[in-house]
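Participant: Here are the chains, one letter per residue:
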Amino acid sequence: MEKKAKYFGYSITRDRQIDYDANNHDICKIIAKAEPTLNLCISCGTCAATCTAGQFTDFSLRQVILLLRRGETKSLENEVSKCMLCGKCQLVCPRNVSTRNLVIQIGKALYDKKLSAETVNTK
Amino acid sequence: MKLEGKRLIWQDYQKEIADDHYFYARSCIRQTFFPGAEAVFVKILKDELGKDIHDEQHHTSCTGIGYHSDVVPFDTTMTVVARQFALMTEAGYENYAASCVTSFGLYTEILDTWHHFPEKEAQIREYLFKATGREFTKPKNLAHASDIVYKFRHQIAAKAKYKLVDKNTGKPLKVVEHIGCHYSKMFPHKGIGGAEYPYVLSGMIEAWGGEVIDYPERRHCCGFGFRQYLVQANRGFSLSCSKKKFESMEPYEPDMIITNCPGCPMFLDRWQYALSEMEGKTYGENHNGIPVFTYEEVAGMIMGYDPWEIGLQVHQVPAEPLLDKIGIPYDSSRKFKGKNGEDLGMPESPSYLKFYSE
Amino acid sequence: MGKHVVVIGAGPAGLETSASLAKLGFHVTLVEKEDVSGGHLKKWHALFPTLLSGKDALETITKGLDSSIKIQTATKVTGLEAVNDYFTISGHNGWQEKADAVVLTTGFQLFDSHRKEEYGYGIYENVITSADLEELFASGKAFVNRHGNKPERVGFVHCVGSRDEKVNNLHCSKVCCITAVKQAIEVKQLLPDAEVFCFYMDLRMFGRHYEELYKEAQEKYNIQFIRGRLSESTEDRDGNIVVKVEDTLLGKPLRIKVGLLVLMAGMEPAPDTKPLANMLGLKNVSDGFIQPLDEVLHTNSTEIPGVFVAGTCSGPKSVSDTLADARSAALAVADYLKS
Numbered sequence: 001m002e003k004k005a006k007y008f009g010y011s012i013t014r015d016r017q018i019d020y021d022a023n024n025h026d027i028c029k030i031i032a033k034a035e036p037t038l039n040l041c042i043s044c045g046t047c048a049a050t051c052t053a054g055q056f057t058d059f060s061l062r063q064v065i066l067l068l069r070r071g072e073t074k075s076l077e078n079e080v081s082k083c084m085l086c087g088k089c090q091l092v093c094p095r096n097v098s099t100r101n102l103v104i105q106i107g108k109a110l111y112d113k114k115l116s117a118e119t120v121n122t123k
Numbered sequence: 001m002k003l004e005g006k007r008l009i010w011q012d013y014q015k016e017i018a019d020d021h022y023f024y025a026r027s028c029i030r031q032t033f034f035p036g037a038e039a040v041f042v043k044i045l046k047d048e049l050g051k052d053i054h055d056e057q058h059h060t061s062c063t064g065i066g067y068h069s070d071v072v073p074f075d076t077t078m079t080v081v082a083r084q085f086a087l088m089t090e091a092g093y094e095n096y097a098a099s100c101v102t103s104f105g106l107y108t109e110i111l112d113t114w115h116h117f118p119e120k121e122a123q124i125r126e127y128l129f130k131a132t133g134r135e136f137t138k139p140k141n142l143a144h145a146s147d148i149v150y151k152f153r154h155q156i157a158a159k160a161k162y163k164l165v166d167k168n169t170g171k172p173l174k175v176v177e178h179i180g181c182h183y184s185k186m187f188p189h190k191g192i193g194g195a196e197y198p199y200v201l202s203g204m205i206e207a208w209g210g211e212v213i214d215y216p217e218r219r220h221c222c223g224f225g226f227r228q229y230l231v232q233a234n235r236g237f238s239l240s241c242s243k244k245k246f247e248s249m250e251p252y253e254p255d256m257i258i259t260n261c262p263g264c265p266m267f268l269d270r271w272q273y274a275l276s277e278m279e280g281k282t283y284g285e286n287h288n289g290i291p292v293f294t295y296e297e298v299a300g301m302i303m304g305y306d307p308w309e310i311g312l313q314v315h316q317v318p319a320e321p322l323l324d325k326i327g328i329p330y331d332s333s334r335k336f337k338g339k340n341g342e343d344l345g346m347p348e349s350p351s352y353l354k355f356y357s358e
Numbered sequence: 001m002g003k004h005v006v007v008i009g010a011g012p013a014g015l016e017t018s019a020s021l022a023k024l025g026f027h028v029t030l031v032e033k034e035d036v037s038g039g040h041l042k043k044w045h046a047l048f049p050t051l052l053s054g055k056d057a058l059e060t061i062t063k064g065l066d067s068s069i070k071i072q073t074a075t076k077v078t079g080l081e082a083v084n085d086y087f088t089i090s091g092h093n094g095w096q097e098k099a100d101a102v103v104l105t106t107g108f109q110l111f112d113s114h115r116k117e118e119y120g121y122g123i124y125e126n127v128i129t130s131a132d133l134e135e136l137f138a139s140g141k142a143f144v145n146r147h148g149n150k151p152e153r154v155g156f157v158h159c160v161g162s163r164d165e166k167v168n169n170l171h172c173s174k175v176c177c178i179t180a181v182k183q184a185i186e187v188k189q190l191l192p193d194a195e196v197f198c199f200y201m202d203l204r205m206f207g208r209h210y211e212e213l214y215k216e217a218q219e220k221y222n223i224q225f226i227r228g229r230l231s232e233s234t235e236d237r238d239g240n241i242v243v244k245v246e247d248t249l250l251g252k253p254l255r256i257k258v259g260l261l262v263l264m265a266g267m268e269p270a271p272d273t274k275p276l277a278n279m280l281g282l283k284n285v286s287d288g289f290i291q292p293l294d295e296v297l298h299t300n301s302t303e304i305p306g307v308f309v310a311g312t313c314s315g316p317k318s319v320s321d322t323l324a325d326a327r328s329a330a331l332a333v334a335d336y337l338k339s
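Protein chains in written order, with my numbering: chain Y, 1 to 123; chain H, 1 to 358; chain G, 1 to 339.
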């Protein structure tokens, strides 16, 4: 007999904590290989300060890099799509992170991941 | 884990606990949550240890719940607490024993406030006198009831019929100890063992034959927190805090949880039911939960008191699997019978959590 | 000249001050409470930013000592008094000397990490200090945690006992940030497959080539820097350490398991500093380090003529800063004794 979940007028709150051990770090490894300057980021925020998209949305490349590094893939997917690839951030980065390529590589890795998931599903 | 490391810290956090003559202030909520707990405390102190304990009838709530929910101002709280102290003084006692952890924390906070701001104490004395005509002497000794049981843990062990040991394997039971936040997080030096590695319950568990489990979310709050529980829609926050703890302790396969706070056993017990109904998840073996007890109930259990006399039938997570492990006898047919055999009615059987009745 | 100077404390500061004073022609007695000179440097495996071996550094410093210098080891100074224009100094073992000037080089003591109870040092086996790690490096033993396993992850906690008013230390210990970066690299060199994390509040890479070392840690060794101060650590069933920290740059709490957690213990004034300062009547300052006459202009002199300071007894310093400070102190002494 299938039992039904009871509703008591409240629900379980989602845990905000980043569970580093449970998160998947494959995408970060792929990106670090494809664009090694990823590792040079010092989270100074110059990229986000100059970003056109960041003036009108809560987009921040600094946060995108951190989400990638912590394995927060779901939030990463939402965030990275906001970039318009103008490349302004690359001009201002003090550590010469190749930010534009980073965004392209993240998009590519996420797309590949989706594609492989679909392939598995259709098999 | 190096126990000697903890022992070094425990040495730094010892406190004076009066030896006898206690003025006992009960908790607002414990008598409905776990109705046998306070009765067991009084019985053990009076009958087993021969102590003098004054069970005051006229004291009120300390207002802790209202205070922590931001509906009672501190001056009001202090005046109410001053009245409790006046009742103690009038009864001829100097050693205040609080049943509730939040009351204990609040009394400690008030005495500390008066220590640093004597003018505040003078003002509160004036408020109390104007309102009630009462005067008071501050307690010579303030203890939480668990401090007192801790103090006499070895005497209790010497008189006990049972130990926290699995009768089939002979191994110590694995026990999670959970300390109420207000016991020592605000004033670490007022709690046995301090705030990071409290010893008050661990000491009892050791003395009574059990083995303490130190799991990663040990320090996490049970989630009661007063204000989030008072609003139904916010209860998920409270529930999720408990869930975090259960998930963290589950791999250690604990036999039981012992607590020293009014709210913690309530929520750690009831939320196991709620979680089982919402997610179909139980945290013990064979669809059992992890039984949750107050330290007084545990003392009563090992003393050999009838489990139904000390109120174990009102636990949402049934105590029976643990009673069986220790080898404590009980009469299933009397589980839902009250005083003089009165029928208390049969609760609805949960969907997932294993139910024990006749 | 024939003037006599007593230097108290034979760590790098005392050794270098004595060597410099002797070169300037003074009679020097160097007093040390321990049996062997060298101070904390004796136990330090390698020094930032070049990974110079601690042993080699100490040997080079010690080589500079003139044979005229009298080294009075195993002597704890119990008396120190200004009498007219000279000082009398006496030890617990009856040793006594007069001096025209005194240099305090009493150094620092490592913060006792047990005091940060929530980090579990002394309780959880795989929580160690930066000093323990240096000893492990120096021992040349296999790099394993206290459970005998090669840790898959190693965490470094910055600012343990520094910038923390809960332990009564407001000051920055200056050297721990760069030491953590250095040790993180050394761990990666020993365990290339391990993931290494530094939990920091600020990264203070103030010295020459420190920023380069930090960049190398990121670029070459993929060491991760998470901005946030640990709130607590606990142990899981396998003896791993589970830490809680806020990833302050993401604004979210974070939990991570490491096989070894290294606490970057800070510097506190050595316990012998305060009694000596009291004997001389030097004013105590709140952080317990000795206050020089002026923190910009007269960093080696004190308010008492003839009493000088060098090294970490007047505040946290690196070994290179300490050595420069020691030489500078010798010149200040010479200046005083010539006049």
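Keep in mind that the hints were calculated from the coordinates and are not lab data.
Honestly, I wouldn't trust all of these hints.
[Claimed, not checked] Label pairs and their computed distance ranges (CB to CB):
| hint | chain 1 | residue 1 | chain 2 | residue 2 | range |
| --- | --- | --- | --- | --- | --- |
| 1 | Y | G87 | G | E219 | 34 to 44 Å |
| 2 | Y | L115 | H | M1 | 13 to 23 Å |
| 3 | G | D56 | Y | M84 | 50 to 60 Å |
| 4 | G | D287 | H | V71 | 50 to 60 Å |
| 5 | H | G170 | G | Q189 | 47 to 57 Å |
| 6 | H | Y252 | Y | F8 | 44 to 54 Å |
| 7 | Y | F8 | H | V314 | 16 to 26 Å |
| 8 | Y | D26 | G | L170 | 41 to 51 Å |
| 9 | G | R229 | H | N234 | 50 to 60 Å |
| 10 | H | Y252 | G | G281 | 52 to 62 Å |
| 11 | Y | L85 | H | V71 | 47 to 57 Å |
Where a beta carbon is used, it is the ideal one built from N, C-alpha and C, also for glycine.
Participant: Let me make sure I understand: some of the numbered hints might not hold for this structure. Which ones are they, in numerical order?
Facilitator: Per hint list: 1, 2, 4, 6 and 9 violated.
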